[in-house]
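**Q** Protein chains in written order, with the working numbering: chain Y, 452 to 791; chain R, 30 to 147.
FYI, nobody ran anything at the bench for these hints, they're computed from the structure. Where a beta carbon is used, it is the ideal one built from N, C-alpha and C, also for glycine.
Simulated pairs of lysine to any residue, SDA-like, Cα-Cα distance not exceeding 25 Å:
no.: 1; chain 1: Y; residue 1: K688; chain 2: R; residue 2: I134
no.: 2; chain 1: Y; residue 1: K557; chain 2: R; residue 2: W96
no.: 3; chain 1: R; residue 1: K64; chain 2: Y; residue 2: F519
no.: 4; chain 1: R; residue 1: K139; chain 2: Y; residue 2: W509
no.: 5; chain 1: Y; residue 1: K477; chain 2: R; residue 2: S115
no.: 6; chain 1: Y; residue 1: K679; chain 2: R; residue 2: E136
no.: 7; chain 1: Y; residue 1: K675; chain 2: Y; residue 2: M701
no.: 8; chain 1: R; residue 1: K139; chain 2: Y; residue 2: M701
no.: 9; chain 1: R; residue 1: K139; chain 2: Y; residue 2: A705
no.: 10; chain 1: R; residue 1: K41; chain 2: Y; residue 2: L567
no.: 11; chain 1: Y; residue 1: K676; chain 2: R; residue 2: K139
no.: 12; chain 1: Y; residue 1: K722; chain 2: R; residue 2: I137
no.: 13; chain 1: Y; residue 1: K560; chain 2: R; residue 2: I43
no.: 14; chain 1: Y; residue 1: K610; chain 2: R; residue 2: I62
Label-pair restraints from in silico Cβ distances:
no.: 15; chain 1: Y; residue 1: G733; chain 2: R; residue 2: A91; range: 20 to 26 Å
no.: 16; chain 1: R; residue 1: L74; chain 2: Y; residue 2: S644; range: 43 to 49 Å
no.: 17; chain 1: R; residue 1: W81; chain 2: Y; residue 2: R657; range: 38 to 44 Å
no.: 18; chain 1: Y; residue 1: W583; chain 2: R; residue 2: A91; range: 22 to 28 Å
no.: 19; chain 1: R; residue 1: T142; chain 2: Y; residue 2: I748; range: 58 to 64 Å
no.: 20; chain 1: R; residue 1: P65; chain 2: Y; residue 2: A648; range: 43 to 49 Å
no.: 21; chain 1: Y; residue 1: W635; chain 2: R; residue 2: W96; range: 54 to 60 Å
no.: 22; chain 1: R; residue 1: E66; chain 2: Y; residue 2: A648; range: 38 to 44 Å
no.: 23; chain 1: Y; residue 1: K687; chain 2: R; residue 2: W96; range: 35 to 41 Å
no.: 24; chain 1: Y; residue 1: E639; chain 2: R; residue 2: I52; range: 48 to 54 Å
no.: 25; chain 1: Y; residue 1: G756; chain 2: R; residue 2: I85; range: 41 to 47 Å
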Amino acid sequence: MEAITVNSNEKIWNGGNEPMGAGYGKLMMWFFIVSDALTFSGFLAAYGFSRFKFIETWPLPDEVFTHFPFMHGVTAPMYYVALMTFILIFSSVTMVLAVDAGHHMKQSKVAFYMFLTIIGGLIFVGSQAWEWKNFIKGEYGAIETKGGSLLQFVDNTGKRVALADFAVVLPEERVRLERSGATWFMEEGSLPSFSVAEVQAGFKARPDVLIRTEIIYQETPEEKKNAKLHPTLNSKKHKTVLTRAESEAMLANAHYVVEGANLKRNEYGSKLFADFFFFITGFHGFHVFSGVIINVIIFLNIIMGTYQKRGSYEMVEKVGLYWHFVDLVWVFVFTFFYLV
Amino acid sequence: MSHAHEHVSNIKRIWFVFGLLSIITTVEVILGIIKPESLYMRNLLSMNLLNWIFIILTLVKAYYIIWAFMHMEGERASLRWAVVSSVIFLVLYLLFILLVEADYIYEIFKNSTIKWNF
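In isolation and in its complexed conformation, chain Y is listed as follows (with noise of 0.2 Å):
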């Protein structure tokens, strides 16, 4: 549709116009997509705000997210989601190129690039709940004190330890609370694999275990000076590590033991970050699986020579906005989660 001429006052009400020059669909993908941006924004804010306030004990991402497919055991920071954005990029590219292609009115071209997509996308929410399954199962497994805050293992060279690895089994039974057992309509979930008494008689049989604090190391010359400290595993803008008879200490405080997440608490640290964790790349996650959704809508209809007819391939480019929107908010999921 040509741009209306300044002179046909008269016929500005009757409707057809486009002042901004979008069809009407397009604008309101638009208007739809700059809403999303706010509640993403708003997700992330809060994230950034929850940190700010916990910023000396906020959980390290490059030691949360170490796993890569088939390198059991590997530290590998990074790598699998550096991977899982180019194959979110790499599927805007080729949507990117079903709209070009749509322009040209090339009708199986359209739909080659449109079903490469949906692969791309397909990947990217298995990659996610692969590492989605990593968190929750956790690695290491940690102690929660009574006061709430986390303590994690580490051996004389610093290298993290393991639960499984110091923890005794002592002959004792803790049964699982049931709805049927309880008082009142109480239960809890699957029981950790060790008791506290447990990891705390491992902790008392092996001398060179030592407890890391969430705090993260300053190399302020107070904690230089801090004999709870230890002396040489401490490095700066690291997780505190204490001494031997500081650790004892430490662990006579054990309450509960914690082994991967879940909403309520999990080891890595500060219990937020995994509740953001879920709920920010859930969010994502979802968005991704809808816009698969609809790509595979809009695949049938482009093979089914619906838009070919129509003459225009609009709705493409309009599933593209959302599509490259998804990959948008995960460029910036990326960096706020994985990377700063």
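Since the structure of chain Y is provided, determine the placement of chain R on it from the hints.
**A** Just chain R, lined up with the frame of chain Y:
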């Protein structure tokens, strides 16, 4: 619906932007893994230089995704301003309020008698 402007094929530009985004991501990952001491330990406006680099590179990526992939560069100025300026203004405002407030709460926990963690 044909637009006022002609659709020229911009496949070349698409691949250029893809290359650029890939290079930026690779640089980010490499910096994130080695964490160069000179950047990581030095602060500018109470944030370390490495984080500044990450955030600036992210904004560069966002610019290219919106301008090239979402084809904002081909839209009218009124649409560009309606979308981009409102998001930028509201996000900056939100960040300013929340981060300043969070820092205040951090100071309260640190310097007052309230103890939350022991």
